[in-house]
Every structure is written in structure tokens, then in C-alpha cells.
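Please take these sequences and the hints and turn them into a complete structure.
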Amino acid sequence: MAAIYSLYIINKSGGLIFYKDYGSKGRMDTNDSLRVASLWHSMHAISQQLSPTLGCSGIELLEADTFDLHCFQSLTGTKFFVVCEPGTQHMEALLKVVYELYTDYVLKNPFYEMEMPIRCELFDINLTQAIQKDRVALLGR
Amino acid sequence: MIGVGKIKQYANVLDKPLSKGKQEVSLSAFAFLFSELVQYNQTQVDNIAELERRLEDAGYAVGARVLELLCHRDKGNRRETRLLGILSFVHSTVWKVLFGKVADSLEKGTEHEDEYMISEKELLVNKFISIPKDMGTFNCGAFVAGIVRGVLDSAGFPAVVTAHFVPMEGQQRPRTTILIKFAEEVLRREASTYNRIVKR
Chain L
1 MAAIYSLYII NKSGGLIFYK DYGSKGRMDT NDSLRVASLW HSMHAISQQL SPTLGCSGIE
61 LLEADTFDLH CFQSLTGTKF FVVCEPGTQH MEALLKVVYE LYTDYVLKNP FYEMEMPIRC
121 ELFDINLTQA IQKDRVALLG R
Chain B
1 MIGVGKIKQY ANVLDKPLSK GKQEVSLSAF AFLFSELVQY NQTQVDNIAE LERRLEDAGY
61 AVGARVLELL CHRDKGNRRE TRLLGILSFV HSTVWKVLFG KVADSLEKGT EHEDEYMISE
121 KELLVNKFIS IPKDMGTFNC GAFVAGIVRG VLDSAGFPAV VTAHFVPMEG QQRPRTTILI
181 KFAEEVLRRE ASTYNRIVKR
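Those protein sequences? They're chains L and B, same order as listed. In terms of the UniProt record's numbering, the first sequence opens at residue 1 and continues consecutively. In terms of the UniProt record's numbering, the second sequence opens at residue 1 and continues consecutively.
Among the hints, erroneous ones may be present.
A partial selection of chain B residues facing chain L, derived with a Cβ cut-off under 7 Å [unchecked claim]: (1) A31; (2) Q39; (3) F128; (4) I129; (5) P132; (6) Q171.
SDA-like, lysine to any residue: derived pairs with alpha carbons at most 25 Å apart [to be verified]: (7) B:K133 - L:D68; (8) B:K101 - B:D74; (9) B:K127 - L:L101; (10) B:K127 - L:Q129.
Derived Cβ-Cβ restraints for the label pairs, each shown as a range [what the hints assert, rightly or not]: (11) L:L39 - B:K133: 56 to 66 Å; (12) B:S88 - L:S38: 51 to 61 Å; (13) B:V13 - L:H90: 50 to 60 Å.
No lab work stands behind these hints: they were computed from the structure. Here a beta-carbon is modelled for each residue, glycine too, at the ideal position from N, C-alpha and C.
Below is the structure:
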């Protein structure tokens, strides 16, 4: 079964504002997840500069032997990325769903401070639902 | 010109029927506006009770206007004079115009004679709002409570209206209950001989 290992959201200056892991593989402590977030932020920026194509928007997919990393960057520079089992399908769609949930339950929440870590109950609830729904959809294939 | 002649001309502006208005606005636009309202008020206060009061006051102004408009548009310039009449007016007519649906329930309080409750599983203003743990029992439904108070007060039913979260069994999210506590004079008037005669 294809599995999602973890989900990250980083703000436009590279700070980790949301981290959640699913399942046992690729688990990380707080320090490591912060490090991965800022590392990815820099790599993403560098890839944009080094790319031979004009108007490149940075790495979208990183394929490694043991995992795939899918990344989606919103227009405001917030990055969403998911680490999953190699070959997992439909991760772009999932990231779009996560982005939609972020705009709804985080940005429309008057108690959320921009660029700060996300602590919104409704976001957590709906995110869990979205990921579960996705898993069911993947299982049904 | 296109369309001229289709619109009936009224000599007097007062004869013109009041337009029904556009029925819906964007939920996102409303959510952002409401979020800003809460954020602005948050900068103006130093405690949560004060914030609740300010939101309620903002709602009060809406309620007073909504009553005026709906009495004119839907009820031919009449307003409800009986307690149950005005409550069901709030529960159905007002709710429908503001939130596009009738409120989930309208109940009478079990402990006190003067208390009524309007409950909503998912209040529109709370749809995207998560209350941080350190804010305790604060509920942005205070704005809706203010609307209800505005309607009731302007219709001659002074009341204290508050919004509360009520945990539901088997549900992840609590529902919001708008608690209405009527002033003593309202109940006295309701029980008066005049009202009993009118009823017959």
C-alpha cells in the first residue's frame, strides 16, 4: 500500500509552520524537521537559480531510493511538501487539497498570526479527514 | 435604449416595491471581513469579556436594521408582538435571510421560564474559526447573539443574549447555542389580560 510519511508547511522565509507525520517510517524529532524545512527552502531557491529553463518555479518532485518528495509552492511563497513512499500517485492533487484547507481554516481564522506555527483545531480535523479519504481512494485502486 | 419600457415607472418612490436584494454573497469574502472585524476589535480591548461585548455591539446594529427591513419586506410593515411569534421570526425568517437556512432548533429552557435557546450545529460565522485554548469559552457567535438581541430589543422584547459552545455526544465539534433570557417586563406583559383577550 502506498503510504504518506509526513507533511510539512513552510512559510516564505523558510520557517517550519506545520509538521505532521503518518506511520512509523521517516519519523523525525522537532529539531530534525526544522532542519529539513529550512534545508528544503534553500535547495528550492537554489534550484530555481540553477535551472537551465527560463521562469523555473523550483523543484516539484524529488525521487530518492526510499522516498518521494512532492512540493507545491503557493503564489505567496508558502511551500507545502509531502514525503511519501516511492511511486505514490496523486500527491499533487493532495497538496492542492491541503493548500485549500490552509486558505480556509488557517487564513480565515482571526486568531492565526501570519507566518507563525499553525495551531488550528479545525485545520487538524479537516486535514486528517482529507488524508484518510485519500488513503481510501488509493486502497480502492 | 435596451430595456426601457420593461421597468414599470412609479410616480412616487414609496410606491415602488422593496427589492428582494441579491440573495447570496461570497462566503469567503464574508469570512475574511468577519475575521478582520474580530482582529480589529482584538487590538482595541484588553480582556476577552470586552471583546465579546464589542462583537455583540457590532451585531446589535445589524439586528436592528434586519428587523426594520424584514418587517417592511416580508410582513407588510407589521411586527410580531407575541413572544413565541418573535422567537419563530428570529429562528426562521431572520436566520434564512442571514444564513440561508432555518436555525437547527429552537427550545425553551428547562430550568427557567424566561430562557429560550436557538442552537446551530455549525454556525456560519464559526465555520473557519478555531478558538485557541488560552481563550477558554470565548465564542465568536457573540456577534450572532448581538444580532438576535438587536432584533428582539428593537421589537420591544428586551433580553440578554449570549452565545455558548455546547459539547455534543458523538460529535467532534461542539454546537453553538444562543441563549436568550428575556427581561421580567416581557414575561409580565406576555401574561397580562390584554394578551389573553387578544388570543381569544
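Each hint tested on the structure:
The interface hint given for A31 of chain B is met, as the beta carbon of that residue sits about 4 Å from the closest beta carbon of chain L, less than 7 Å. Below 7 Å, beta-carbon pairs count as interface contacts, and Q39 of chain B has one with chain L at about 5 Å; its hint therefore holds. About 4 Å separates the beta-carbon of F128 of chain B from the nearest beta-carbon of chain L, less than 7 Å, and the hint is met. Hint status for I129 of chain B relative to chain L: holds, with the closest Cβ pair at about 5 Å, below 7 Å.
Proximity of P132 of chain B to chain L holds as hinted, the smallest CB-CB distance being about 5 Å (cut-off 7 Å). Interface restraint check for Q171 of chain B: the shortest CB-CB distance to chain L comes to about 11 Å, outside 7 Å, so the restraint is violated. Taking the CA atoms of K133 of chain B and D68 of chain L, the gap is about 36 Å. The hint is violated against a cut of 25 Å. The straight-line distance between the Cα atoms of K101 of chain B and D74 of chain B is roughly 16 Å, inside the 25 Å bound, and the hint therefore holds.
With a CA separation close to 12 Å, the supplied pair K127 of chain B and L101 of chain L stays within the 25 Å bound. Between the alpha carbons of K127 of chain B and Q129 of chain L the distance comes to roughly 16 Å, so the proposed pair stays at or under 25 Å and holds. Take L39 of chain L and K133 of chain B: their Cβ atoms lie about 31 Å apart, and the range 56 to 66 Å is violated. A hinted range of 51 to 61 Å holds for the C-beta pair S88 of chain B and S38 of chain L, which are about 58 Å apart.
Range check, V13 of chain B to H90 of chain L: Cβ separation about 58 Å, and the 50 to 60 Å hint holds.
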